[in-house]
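J.: Chain by chain, the residues:
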Amino acid sequence: MANQQLSSKHLLGIKDLSTEDIRLIFHTATNFKEVINRPIKKVPSLRDITIANLFFEDSTRTRVSFELAEKRLSADTINFSASSSSVKKGETLLDTVNNILSMKVDMVVMRHPAPGACQFLAKHIDANIINAGDGTHEHPTQALLDAFSMQEQLGDLEGKNVAIFGDILHSRVALSNIFCLQKLGAKVRVCGPPTLMPKFIHKLGVGVSYNVRETLQWCDVANVLRIQLERQNIKYFPTLREYSQYFGINRQLLDSLDKKIVIMHPGPINRGVEITSDVADSEHSIILQQVENGVAVRMAVLFLLAAKG
Amino acid sequence: MDFVISTINLSAPTSMEKQRIIIGPERFSLTIERLCHQLVEEFDDFSNTCIIGIQPRGVALSERIYRHLIDQLNIPHIDYGVLDITFYRDDFRRPGASMHASVTSIDFLVEKKNVILVDDVLYTGRTVQAALTALNHYGRPDKVELLTLVDRRFNRELPIRSTFSGIKVDAVDQAYVKVEWANTHGEDRVLLFSDKKAAQ
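Residue numbers (the working numbering), protein chains in the order written: chain B, 2 to 310; chain A, 167 to 366.
Simulated from the structure, these hints should not be mistaken for laboratory data.
One or more of the hints may lead you astray.
[Unchecked claim] No farther apart than 27 Å at their CA atoms in a straight line, the calculated lysine-lysine pairs in the BS3-like style are these: (1) B:K42 <-> A:K309; (2) A:K334 <-> B:K309; (3) B:K89 <-> B:K105; (4) A:K278 <-> B:K43; (5) A:K362 <-> A:K344; (6) B:K43 <-> A:K309; (7) B:K188 <-> B:K200; (8) B:K89 <-> B:K34; (9) B:K184 <-> B:K261; (10) B:K309 <-> A:K309; (11) B:K42 <-> A:K278; (12) B:K204 <-> B:K236; (13) A:K184 <-> A:K278.
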């Protein structure tokens, strides 16, 4: 087992990872979880590494989580957000990043509204790149922390049933989750209104359902996604109230099932829309454990990529 | 305090002779027993002393010593933990560095305690240096002692020495010392190889 390394020097998407890569990240994350629960939560591993966090799109959790992970690994960090930078003056992505890299930065964590922005960057620059969400494409660290949290609850995911609810069409979390869960042997079903379902989603080998109750009855874990109103430039459903009635997950629905399922949400939650407060805050929900695991998983990813050099 | 009972002065085995057994099973158990008695002599009932094995290879030794102290020498309780130093290594991003972490489990604070760090072979001293850094994260111990089964005293790169050692081995730099355990390798023994490759 010694000397194991990731197969790639970037984390652009789950699609490029092997199952062994995912298991190595989880193994390392377990050790980092122990580290972040110590009285002193810091290790010196990345003390000679500088990391740039480039956020061309809004973020709370992912950004704070990456920053904490970097700091707990003793890396030096710089933060950059598009709203307060020269991007507004018309500088291209490549110019912006090259300028930052010429200040001797080793790794780049980037969130960008354009799908494939990280792939583009990886072709042109030398630093390790971590995708922190690119448009509607992938959000690999979220999928890793979701699967890691599921594994903590259920053990090995081989043969487990995982359902993803909500806005599948606009969700990078859904796509990364599907890739990740399938690589770990889980069965995946997506459920939401037909208008928010990508046309060829079944080609990925996932089940498709439009019935929330039936899907809840089938699954061991329900990963509930946010309705991404900011990416919807046309109306995909009549009203939020109607969406909530047909596709929202509420306590009554959960209590009517004859089994206990795990409820997850990548945040931010639209309370009362895709999930009601009494479910989000219930004993079924592991939403806050997901956030804690997020730091450990991101520490593992940063550590393993930095080790690749 | 330096409990040296035996020293082996060896040139590395020639390519003809790929490995040499420097401690066989009988001597091995005698050495463990002796180390345990030395610990009892020094730390009495272990009321303010804990044992911490360094992952991965020091743990087999620390486990054996811990069990012997409890089962054979009737020590009622010893704080026992294992420490992984992967995230504290100074050879990160250098070729050959192992980045495969193991479990750390220390469910007590080392503040104001005597700590016995345990590793199988003391060679360059860099693992022990990393362990000392890591240990700081669990409090400020009164005193840290080092116990190793094999002390390769002429190969040190840092000013570190072991307080308790099973055997001192003086061998050339490229030689490789390997400790094998009955439960994983079938027999307790210490082997000397001409180089690391020969040991694989």
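J.: Taking each numbered hint in turn, which are not upheld by the structure, reported in ascending numerical order?
T.: Failing hints, ascending: 2, 8, 10, 13.
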